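S.K.: Residue numbers (numbering that gives the first Met the number 0), protein chains in the order written: chain A, 0 to 467; chain B, 0 to 467; chain C, 0 to 467; chain D, 0 to 467.
One thing to keep in mind: the hints can contain errors.
As the list claims (entries may be wrong) - Result set (DSBU-like, lysine-lysine): computed pairs, CA atoms no more than 35 Å apart in a straight line: (1) C/LYS135 - D/LYS162; (2) D/LYS300 - C/LYS162; (3) B/LYS190 - C/LYS392; (4) A/LYS460 - A/LYS135; (5) D/LYS122 - C/LYS392; (6) C/LYS190 - C/LYS421; (7) B/LYS207 - A/LYS122; (8) D/LYS207 - A/LYS207.
Simulated from the structure, these hints should not be mistaken for laboratory data. From a predicted model like this one, the values you see are computed outputs, not experimental measurements.
There are 4 protein chains.
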Amino acid sequence: MATAPAAENLFDRALKRIVGAFRDVTGAAPTNAADEAASLLAACLAGRGGEVSARARAARLAQLYLAMEPPERRAFLLSLASYDADPAAVDAAMDAVRAAPDDAARAAAKAQLRRALEPPRVKLLTQFTSLPDGMKFLVDLREVLLVEVRAEPRLGPLEADLKALLAAWFDVGFLELRRIDWNSGAALLEKLVDYEAVHTIVSWRDLKNRLDSDRRCYAFFHPRMPDELLIFVEVALVKGLAGSVQQLLDLTAPLLDPAAADTAIFYSISNCQRGLDGISFGNFLIKRVVDVLGSEFRNIKQFATLSPIPGFCRWLERRLADEPALLSPDEAEALGTALAGETPQEGRAALAETLAQRTWHRDPELVAAMRPVLERLAARYLLIENAGARGAKRARDPVAHFHLSNGAKVERLNLLADTSDKGVRDGATMMVNYLYDPARIEQHHEDYVGEGKRAASTALKRLARGWS
Amino acid sequence: MATAPAAENLFDRALKRIVGAFRDVTGAAPTNAADEAASLLAACLAGRGGEVSARARAARLAQLYLAMEPPERRAFLLSLASYDADPAAVDAAMDAVRAAPDDAARAAAKAQLRRALEPPRVKLLTQFTSLPDGMKFLVDLREVLLVEVRAEPRLGPLEADLKALLAAWFDVGFLELRRIDWNSGAALLEKLVDYEAVHTIVSWRDLKNRLDSDRRCYAFFHPRMPDELLIFVEVALVKGLAGSVQQLLDLTAPLLDPAAADTAIFYSISNCQRGLDGISFGNFLIKRVVDVLGSEFRNIKQFATLSPIPGFCRWLERRLADEPALLSPDEAEALGTALAGETPQEGRAALAETLAQRTWHRDPELVAAMRPVLERLAARYLLIENAGARGAKRARDPVAHFHLSNGAKVERLNLLADTSDKGVRDGATMMVNYLYDPARIEQHHEDYVGEGKRAASTALKRLARGWS
Amino acid sequence: MATAPAAENLFDRALKRIVGAFRDVTGAAPTNAADEAASLLAACLAGRGGEVSARARAARLAQLYLAMEPPERRAFLLSLASYDADPAAVDAAMDAVRAAPDDAARAAAKAQLRRALEPPRVKLLTQFTSLPDGMKFLVDLREVLLVEVRAEPRLGPLEADLKALLAAWFDVGFLELRRIDWNSGAALLEKLVDYEAVHTIVSWRDLKNRLDSDRRCYAFFHPRMPDELLIFVEVALVKGLAGSVQQLLDLTAPLLDPAAADTAIFYSISNCQRGLDGISFGNFLIKRVVDVLGSEFRNIKQFATLSPIPGFCRWLERRLADEPALLSPDEAEALGTALAGETPQEGRAALAETLAQRTWHRDPELVAAMRPVLERLAARYLLIENAGARGAKRARDPVAHFHLSNGAKVERLNLLADTSDKGVRDGATMMVNYLYDPARIEQHHEDYVGEGKRAASTALKRLARGWS
Amino acid sequence: MATAPAAENLFDRALKRIVGAFRDVTGAAPTNAADEAASLLAACLAGRGGEVSARARAARLAQLYLAMEPPERRAFLLSLASYDADPAAVDAAMDAVRAAPDDAARAAAKAQLRRALEPPRVKLLTQFTSLPDGMKFLVDLREVLLVEVRAEPRLGPLEADLKALLAAWFDVGFLELRRIDWNSGAALLEKLVDYEAVHTIVSWRDLKNRLDSDRRCYAFFHPRMPDELLIFVEVALVKGLAGSVQQLLDLTAPLLDPAAADTAIFYSISNCQRGLDGISFGNFLIKRVVDVLGSEFRNIKQFATLSPIPGFCRWLERRLADEPALLSPDEAEALGTALAGETPQEGRAALAETLAQRTWHRDPELVAAMRPVLERLAARYLLIENAGARGAKRARDPVAHFHLSNGAKVERLNLLADTSDKGVRDGATMMVNYLYDPARIEQHHEDYVGEGKRAASTALKRLARGWS
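Chain A with its partners taken away, still in its complex shape:
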């Protein structure tokens, strides 16, 4: 059974023909793109012509939109957003719901109300899906909307509609998991380099190293955007928990025979489509990859991340400034001595200053002195600190929140794990291993989501409890 040859292109040509015809039919050509777009929007939403015409108009609209400058685009989006549900129809439908004499009538009236509430712009958005690259067009449209909506709240409902549509279409049930390796197409690998958001890929050699025989890379794809990565994860197969990302990325490190590995380290996970923000697949990706690896390598016993703690330093700075009892007297004294001063006050100040210089990690003596304090405070930050009043039970660190929500356990802290500029600045070189134990994922997830209980190793729990 063969896929119909070049069908996409033919359909495309058909659309072009119809677009052409349509423009002829509309008579006097609109004087500019905005006018043409407006008239297309109107025709589209008036439901003139068959479905083929409707999609031809969508194609033309996409073409016009892509050629517009930002201000024109904003106007166009507002115009699109204005095709809202008819208030009179909504009111009438609400009246009918209230007036419904019995259950059946009420059910029918509610169905009618739902239809009345569906804004006409939703139907138009749907018509883009059948265009070649139409799905990518919609994802990119939402990326623009997410920016524009900040300045123009009237775009909010349009953005929400689009998000709801994308959430339905990008349900994990529709996603395809594919392995990416050095045999993957260069065009795809080039995108992967662009999308890597955690540890920048600096060269094709760096990339090749990350796709070597002791590495794995998996991504989700959508059938309607087959050439676009949605999210991908990079995995290293190692012995024992990895504690340094620079070591993992070292081009000169020897290859490990994957059959000798006992641990899979998820050291980078990147979302690729800004237009899908808020539609989550990271959770599923990790679990699918755990499953795939567990089946390929019987010898792998433990699945863990090596994750940044992006909010640690920012939080720590504030605490160093605000919280006199942050350090125990012993800590304060020890630090004060090691870093130069004498009193507890000076201990905090000295730590703040030393951290601010961002060179301490190269001095083994400073590291030795700071390690116990930094580890204790990182444990507290991850396991005890909350994300403000509302989320009283939610981990303050966003990465911690992501993995805890997924059912992971905070396993081990690693000082000097990321000595890149970013690693020193944001996390004081500290990284953390989150452990994914397939047998406990669900329980941990429920405990965290339900009661705000954070799973952690005994050592970290003890550490977090603090000095008092």
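Using the hints provided, position chains B, C and D relative to the given structure of chain A.
M.R.: The following block gives chains B, C and D in isolation, referenced to the frame of chain A:
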């Protein structure tokens, strides 16, 4: 880039593990499937556990459902249907809409109302999509619902929800056109034989003949149901308009070199999934295939169907009984003579009786006498008769309505075109060619949908006007 | 990386163009196919033109050949066969070998002699390989040659050349193993039905049953004949050694869960291309499939055939007539009684007569009486009888010889295992299980090929020793 | 129909098992690799064991060989080469040929002689083909042999045997043409970068530029070496004949819409496997690509190369030194003046000196003065100069000889076409367009191969005739 090996199965295994775990957790095993299903439904809709648990429950629910007997199934469906929107929340949301002080507040309130109106059962239905075969499960579920809803109207809203979901997922933008030929898998071809609804395929030899080098067969598939046909069309490449389906299906007819053909005849189009009733792709399929064939065979100038007229005889019988002036005096006399009697009255009766015997088509003299009358009345039936009071402008014949809606033109009538039992009984052996002219499809569609104007050849229009 | 689109067809067109050009160039068109073929052969072997021309001529030759009637074909083949090595060049090269003064000169002279011995027709045959379907053309050509050479020995060297070429091209290193199942293309399955040589496939239902979930079918393919089966084997996954082929092929037998099977039975192996006679892959196919199944099903412990004994009855008839002491006195008496007579002589005659009637297998009493004798004689036939004077150490039964050469062991006899007409006539309903034990295959093979030692179960060895 | 899963690996495992078993069986383990290899060679050629054992031994031999140091390898190769045809058997077979009483006997005797002449080492070489990567092993083995044979002529016959085998297996009939583009796997593209032999690829950006939408790249592959390029050609789609390779490779040059191109320029063609030296596919590759492009782009009217003239400067230097009348008096004078001196003698000397400096091409005045002389001499070099005594009718320039043999025509000279160091040093910046006109390829080929006639444009022919 390789697709992750056997990932589906692994995920499946993971689900099984979780299903098992879940059952253990729930403690005392439910005494029967209905109870277990009810408790799963409740857990599911209460949103307990993470998404993976949720889908594991969906898997278990599907398993239970598939093992149920019809009465149990009905009870289960009613239980599922009962997870409706919360009336209090709907009322509150309606109040908020009415009370909204400004546009922004009203927009937010409407969004809230839409959420309140979304029945919880919709979320559960969505969870089936990520199961292996989950999409087929939902399609089949709707097939059952369409039957059950007749006896149990309370299932209506559930059926409507499912239809709306399926309509979104089976948007033509997601469908894949594939050619089917003698190299297609036997498992797929076996399904095609089962699904053929117009001209039964009687043997593998018959099937092979329909997939020969002067034939084409195309179908739509959905990425989440890759082994299931959605709709397919069978095409013969011929010289001139085909006027006999028995000739087209004749196993002993010589092959035509497709390069010598000037006409593509769409002689059979079958929907395959009862659960997708009311979600239309036929329109798009024909147009896509016209496009594909037009590009492969430059010499093909005309695209037409050879279609049955399924309602002709039923309509004619009633008219012969009810409408004294149905035949012109000349027709009545001629028929009366040829078929045996003398007066106009006898002409109608004779025709009715002759048709009822269903052997007339084997007698060339009878055929010659009846041909002008049958052709005139078929033209009238197709071009003038309306589908009752409401659809005053809609063709009475359902097949005619389908093709006219698609923008086709009624081109030619063919007596003796289908001499099978069904062809004689329903259509008096008459079939009709609907012509798809890519340049006019949209205009015809608009004229028919807008004004009820039916496109037809000059000859047929004249014929339809009748004797008076 | 995409395969160049439709390259084959383009090349084909190019060839057509060149063939056309060539015909124009040759001026006066030959008056008939034979003349044209002769002139093409001459041009071809004279090496006129480049390689593209050469292949164009080969294409034209193939076309002419395929349109010829048998007598013309024979003439053409003789003409092709006549392009032999140049005797003078061979003589000169032989002289040079004899005259060579030293090793280096002798090596060079021998290389020259090999070139001189290579008949020009070999080069022409090679040119067919690059035509679309050229490899299949050559295979079919040899099939014809194998027939023709019986009547015309002068075709012998041509046939031998072609066999040597095909043996090189169809080296098992080039073959591809593919599984065939119910998802395989109907065109391929249709060929499988045609090629099945052991147990005829009587319907698509029969075929489907042989491809069900408790069955496996594997075939070898060649990259230059991708749509053609070379050899295939049908396997049933069962519990314990299967002892009846009718049971295996029973359409109403229940499915076995393959995970519950402990034995794989190879019940049919068919060569598909007569033109590859004498080029053996059966050996490799069985071993590859043993390996594939062993890896897919960990629970399968034993691999065996259920094989016919095609020469048993023919051999037995002769022995019954010739060998007075064939039966022991006890056997003779018992048989004589059971089958009707009294003396040993009568025992043999009665057995011969009963077998000749071919209905005995339906009478349980007859079967009970004959079983011990038939089993003992079958064991002797398989394990002791030799294939004539030359092959003193070779099993007389060809199927036994095939499996013993492959390293199999004769494991068990099964009376009533094949009650089809052919099974009764050739094997007296007896079939035999040959066991393939991966750990012993090589040892058995060496023992049989080297010393003529036949591996067998203890029970069968004892049985074969006979009565005296 | 699915390819049997992971069959290669299973077979591989089977081989390993057998290799292991074999080593056990041979008892006392050989003390070193050379001894083990020798004993394997002996066992192999003695034909011990079945085919599976034979291939297992081949696998072990390959393993041992790959681990050997150069001196050991040489010894191993000599040992392999020593398995020559049996001299006594050859003598006896030659006697039989001479003594043959009739044609049939002679034919049989010659067949026997051919078998006797086939060295046993050939059979061993063949056994490598079925190993995973076995074909690549043999190709690499020949690469080594081509080097070793220079120092050790006794390896000649082995090298010749291997070449003959490879020539049969790499017949163009078995090759697969694939397009390579930016979607091709990175692993393959990396090899392409390594293999590019004409215009070095300096970065992934350079590579991407060569695979852009106005470029094409095609390669031949072999089914038994699917990840290895055999030969590839890079093509630019342009308007008019391209005259500068630096322009073609300019990363900043604008993209041309391929639909607007009228010419395809083959600007780089590289052989990738040294082990296939002397087995030619370049000819076929160009013609296949001409055909593919001609079919994809109807607007492309002309197919040409932009080729180096690698031997031009070396030839010109000698002529400038040896041939007093190389320049016409006018040329000599003009050059003398422009480049500095006065007499004809000085003209030649001045030209020689100027060329030797390799900077002249940056001075427009020097270029203007030298252009007519360099063009005339290049035309003479390409169209008149012969490759020494033996090849009196063969173009002296190897690239010219390649394209003329293929049926191309020398169309246009381009000064300043390659201003790279290599281009200035070897070709005095001159490149030449060879034109491939599908309608004339065969005629040109025949004229050149048969009569040594070189096809060229009228302008170049006139130019080549020279001044006298």
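S.K.: Each hint: holds or not?
M.R.: Against the structure, the hints:
1. C/LYS135 - D/LYS162: 26 Å, holds
2. D/LYS300 - C/LYS162: Judged against 35 Å, a Cα distance of about 45 Å means the pair is violated.
3. B/LYS190 - C/LYS392: 54 Å, violated
4. A/LYS460 - A/LYS135: 45 Å, violated
5. D/LYS122 - C/LYS392: 26 Å, holds
6. C/LYS190 - C/LYS421: Distance of about 23 Å is within 35 Å: holds.
7. B/LYS207 - A/LYS122: Violated, at roughly 42 Å.
8. D/LYS207 - A/LYS207: Cα-Cα ~17 Å, so holds.
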